[in-house]
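Work the whole structure out from these sequences, hints included.
Residue numbers (this note's numbering), protein chains in the order written: chain A, 65 to 478; chain B, 65 to 478.
By construction, these hints were calculated from the structure, which means they are not laboratory data. Keep in mind that this is a model prediction, so the values were computed, not measured. Hints may contain errors.
Same chains, same label: a pair holds when it works inside one copy or across any pair of copies.
Stated by the list, open to error - Straight-line distance between alpha carbons at most 35 Å, and here's what the computed DSBU-like set of lysine-lysine pairs gives:
id, residue 1, residue 2
1, Lys371, Lys280
2, Lys310, Lys332
3, Lys135, Lys443
4, Lys371, Lys170
5, Lys371, Lys155
6, Lys138, Lys177
7, Lys138, Lys170
8, Lys155, Lys441
9, Lys371, Lys121
10, Lys155, Lys457
11, Lys457, Lys371
Listed below, chain by chain, are the residues.
Number of protein chains: 2
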Amino acid sequence: MANAVSPLAVPLPELPPLAGVRLSATAAGIRYQGRTDVVMMEVAPGSTVAGVFTTNKCPGAPVDWCRASLKGGKARMVVVNAGNANVFTGKAGRDACSATASAAAKLADCSAKQVFVASTGVIGEVLPHDKLVAALPTLHETLGDNGWEAAARGIMTTDTFPKAATRTATIGDTGVRITGIAKGSGMIAPDMATMLCFVFTDAKIPADALQAMLSKGVEGSFNCTTVDSDTSTSDTVLLIATGQAKHPRIPSADDNGARKRMLADFRKALDEVLLDLALQVVRDGEGAQKLVRIDVTGASNPRSAKKIAMAVANSPLVKTAVAGEDANWGRIVMAVGKSGEPANRDTLSVGVGGVWMAREGAVVPGYDEAPVVAHMKGKEVEIAIDLGLGRGKATVWTCDLTHAYIDINGSYRS
Amino acid sequence: MANAVSPLAVPLPELPPLAGVRLSATAAGIRYQGRTDVVMMEVAPGSTVAGVFTTNKCPGAPVDWCRASLKGGKARMVVVNAGNANVFTGKAGRDACSATASAAAKLADCSAKQVFVASTGVIGEVLPHDKLVAALPTLHETLGDNGWEAAARGIMTTDTFPKAATRTATIGDTGVRITGIAKGSGMIAPDMATMLCFVFTDAKIPADALQAMLSKGVEGSFNCTTVDSDTSTSDTVLLIATGQAKHPRIPSADDNGARKRMLADFRKALDEVLLDLALQVVRDGEGAQKLVRIDVTGASNPRSAKKIAMAVANSPLVKTAVAGEDANWGRIVMAVGKSGEPANRDTLSVGVGGVWMAREGAVVPGYDEAPVVAHMKGKEVEIAIDLGLGRGKATVWTCDLTHAYIDINGSYRS
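Laid out in structure tokens, this is it:
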């Protein structure tokens, strides 16, 4: 629990109030002692919501609850606890979600379906939702505009630093803001899972437009990162628009061209917030000492490029080589070849830190090793792979695989 | 290099002569000093051969050479070196294969296409085939019936123990023998790759029948094992039949039923040899302290069962939990769910060491922890997963993920 802060940590940015969002955190003693572990995020009436959830076929009860609630497209409240994931808990897990949502709905004077719940922590233990419900009145009374840092800290499990990002954008001539918080670092302590992200904006955007932008944005950010290839049972990203900003009305989906033009700047800022948060999660990957960026070009198509990049990012041999500061291009070749995607040894090039080391089926004769060695000693490592086959490209991010990963995940659970 | 012998090692079995096979090993100084590193295996004229090779799209030059030679269906000689994989070496790599095969063919008085070559070790360095060719006459002069152990040791890279298996079978009323040697332990030292297996029999079996049995046998043995999910660029399994045993003639492929009946006992013994060797490789998995068997039942179909079993076997979180002797069924549920295969949380059961711990979407109330804890402390761990969906089943084997894996693979290459 008292893990040292990741060497890749970034400072929390300044997080100004966002019209229509109030936040609070308190200590409910669900698992941790002496720290906040429950967070409430209340949004203005009429707020629209979009969500993206884990693809794991054994999702937690809160994921099921959110998926069902999302159909309404409206949100008033998000309640999050840390320390217990409420996953694989059967009927008790479903009951915990509905009891929490009902109690929160009474405080917000809304339908339970407008309350979204999220939990991360131990899998397979019943969530003591009485403690959670008992904490709700205090949370409601202490809601405030400046609760962002408290919220970012209250959702942490074994994250080593709080994660947030904020950007501004214009819609028409009106400035709007997008602010998000996230938690996650793989499954850093035994049984602890996993990634949560909550993004808010004061823009007034219909739920369907919000969902389209979020789905696309997650594809290019969170879905392009991996710490250990283990997809959690709790992953949740919610995007909520409070509609408090006074910008021109977003055109309906019928006029898709106009809608796209008006939201272009917003979409760009949203993508930046999502990528910023996703990379903060990788920076807090369990045991991470280095952030690794993998650029694949020249693949048959973009899907193939991403699969190849992910095969490299998830290769334990590549990840241990990075930990050892070894620019081991042979292992990168191996990982490209095992991906199952089209690859031709004789058109393949591999580079590290901007230096091509292997090209056209053999090592580049006399390539300059000095800059490569220096690059590998840094905190951020860049791997380039060109397949020489087509125009497909993709970028993914991961971290190295170190002894700390084994320490964190190989200790006894109880 | 001086790694301690795996705690999961098994002793080398007694390996009697096999009619039509002579073996030798010598020290050619290709990379290692003070140990044998080149092996010759000569088989009787008329021997048939079958082969299965890596699916990696960036295979080594020797794999390309063997694939091409296999079309002839005949073998007279196998030459193997350790320490240099001859992978990603361009034209120099192809030249090394053909020079070695041509020189060996002269000694055996056969076509170069009847010489099979295999190399494992460093990727991306040109194989000094002059040293290899210079060693061939000595190897040829010292060929003998009792060279099995020398051959099993000579093909090792950073394996911690030599690997061999032998069985007898009957064809008609005639006894035949099947003996195989293998090497591999993942990629235990930086850049070292990977899995080689050579199996011989004195039976007289047409190449097409040999190939069919080998392909099926590898599917149920080597292809059901994983150490670190990283598919090497050199994996090679050869099966050679010398035809020296005096059993009734194997019927042609036209009479497939009769052929199958006559080879039933042989096939069973071959499968046992292949599985025995495959498990020896897992027992020598880098850093392995425990051998893990994963039985999946109740899946939609056998392919789905295997994919689920492999997702569990390759999950770093499951593997570190096993290393920590933690029967962490929550991580097993996660890995099942992330496999992408049909799974239903509410019909899923997970057991360890014969005790069902999770069933129907929740923990089994009051299950007996004592036998589970005791089981996890042993050297062999059994995980059972029942999907409750259909009749598909599969079994795979892996090892745990320990600090030694990081030590072995995270050190500097040079």
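Intra- versus inter-subunit Cα pairing at 35 Å for Lys371 with Lys121 = Classified as both; 20 Å inside a copy, 14 Å across copies.
Intra/inter-copy verdict for Lys371 and Lys170 if alpha-carbon distance must be at most 35 Å | For Lys371 and Lys170, neither the intra-copy (46 Å) nor the inter-copy (46 Å) Cα distance is at most 35 Å.
At 35 Å max between alpha carbons, let me know whether Lys155 reaches Lys457 within a copy, between copies, both or neither.
-> Close across copies (28 Å), not inside one copy (44 Å); limit 35 Å.
When no copy is named, should Lys310 and Lys332 be tagged within, between, both, or neither for a Cα gap of at most 35 Å?
-> within (20 Å within a copy, 76 Å between copies)
Copy assignment of Lys138 with Lys170, given that the CA separation must stay at most 35 Å = So Lys138 and Lys170 pass the 35 Å test inside one copy only (16 Å; across, 80 Å).
Given a CA cutoff of 35 Å, do Lys371 and Lys280 count as a within-copy pair, a between-copy pair, both, or neither?
-> Answer is both; intra-copy 17 Å and inter-copy 28 Å each pass.
Homo-oligomer pair classification [Lys441, Lys155; C-alpha up to 35 Å] | This pair counts as between: shortest inter-copy Cα distance 33 Å, intra-copy 51 Å.
Up to 35 Å CA-CA - Lys371 versus Lys457, copy category | Cα proximity of Lys457 and Lys371: in one copy and across copies (10 Å, 27 Å).
Can you give me the call for Lys135 and Lys443, within, between, both or neither, at a CA distance of at most 35 Å?
-> This pair counts as neither: shortest intra-copy Cα distance 43 Å, inter-copy 50 Å.
When no copy is specified for Lys371 and Lys155, does a C-alpha distance of 35 Å or less occur within a copy, between copies, both, or neither?
-> between (37 Å within a copy, 29 Å between copies)
Homomeric proximity label, Lys138 with Lys177: Cα distance no greater than 35 Å | For Lys138 and Lys177, only the intra-copy Cα distance (8 Å) is at most 35 Å; the inter-copy one is 71 Å.
In this structure, the earlier hints numbered 3 and 4 are contradicted, and the remaining ones agree with it.
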